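For chain A, the structure is supplied; the task is to place chain B on it using the hints.
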Amino acid sequence: MKTPMPLQSACKEFEEDLVLYYYGETSEEERRRVGQHLSGCLRCQGFLGDLQRLLPQMARTEELPQSFWDNYYRETVAKLAQQDERKHWWRALIPSIKIWMVPAFGTVAMAVLVIGLLFGKGNLSSFTVRPTEKIPHEILADENQLQFFESMDLLESLGKLEAQDEQKPEAVNTQSSRVKLQSGIA
Amino acid sequence: MRKEKLISLVLGAFLLVSSQIASAAGDNWRNLTPTEKDRVLENYQRWQRLPQQDKEHLRDEWNRWQRLPKDERERIKQRYDQQQRRDRHRD
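Top line first, the protein sequences correspond to chains A and B.
Start counting the first sequence at 1; every next residue gets the next number (my numbering).
Start counting the second sequence at 1; every next residue gets the next number (my numbering).
Hint data in this document are derived by calculation from the structure and do not stem from the laboratory.
One should not assume that every hint holds.
Below, a list of computed lysine-lysine pairs in the DSS-like style, where the Cα atoms sit at most 25 angstroms apart [unchecked claim]: (1) B:Lys3 / A:Lys98; (2) A:Lys87 / A:Lys98; (3) B:Lys37 / A:Lys98; (4) B:Lys55 / B:Lys37; (5) B:Lys77 / B:Lys55; (6) B:Lys77 / B:Lys37.
Here the structure is a predicted model, which is why all the values come from computation and not from measurement.
With the rest of the complex left out, here is chain A (with noise of 0.2 angstroms):
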């Protein structure tokens, strides 16, 4: 392999006009001015000598046919798609799926997951904590039921409370019925 000769220096007031003298890119005047210099300076000669076998060289390549274009096109274009296939690889398992199929699937996941809290084992927490408890739905049925089976002991004492409060002392009379009730409750 042959390896490249570096350029020759040129006297540093002509270089440039040697490189335009090459291509044939300078005035007439111009022309003959470098080409008398040319004439008597060695290392000028040497300079353009020097052009002339390597600028050919790095003249631009020829023009790629129109069906390389053409196949490089659909190399690239195929190559994009498979890089989108992979990166959404979970939509070939699901092909034929339509937009509102989406929420759709989100919902009946929801519903079985509400429908699991409330008639199931009332929550997750629960289920972890204490897999054998069976908590009614009637229990969790909402917020009221709750606090009233909270307040269950409460309530059957209520009467009696309400009797022993002072600030209501007419309250003794009219429950004394419920005290009678709630005895026989508890």
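The following block gives chain B in isolation, referenced to the frame of chain A:
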């Protein structure tokens, strides 16, 4: 397309409401201490064994309790808690 959007909207709204209900019901139970949960379950079992007449009476008492002024409810509840504590000490 408009119909599909409407269906999505309705289903989305249902999803939101149902998740709120589930969350509220679950939270109420979850916020109870184990002792409170035991008491609720015991009371429920006892409730099931009660005669119809007593059930009705308790329902009436519950309605009356809810209609009581807040300060009166607080006072009664305090009195009840005191009695419970006293009973536990006695035992």
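Pair hint Lys87 of chain A and Lys98 of chain A, alpha-carbon separation not exceeding 25 angstroms: Roughly 19 angstroms between the alpha carbons, so the hint for Lys87 of chain A and Lys98 of chain A holds.
Pair hint outcome, Lys55 of chain B versus Lys37 of chain B [Cα-Cα no greater than 25 angstroms]: Within the cut-off at roughly 21 angstroms; holds.
Restraint check for Lys37 of chain B with Lys98 of chain A, where alpha carbons must lie at most 25 angstroms apart: Violated. Lys37 of chain B to Lys98 of chain A sits at ~45 angstroms, over the 25 angstroms cutoff.
Given hint Lys55 of chain B paired with Lys77 of chain B - CA-CA distance at most 25 angstroms: OK: Lys77 of chain B and Lys55 of chain B at ~21 angstroms, within 25 angstroms.
Proposed proximity, Lys37 of chain B with Lys77 of chain B (alpha carbon, max 25 angstroms): holds, 19 angstroms
25 angstroms Cα cutoff - pair Lys3 of chain B, Lys98 of chain A: Cα-Cα ~13 angstroms, so holds.
The structure does not agree with numbered hint 3 stated previously, though it agrees with all others.
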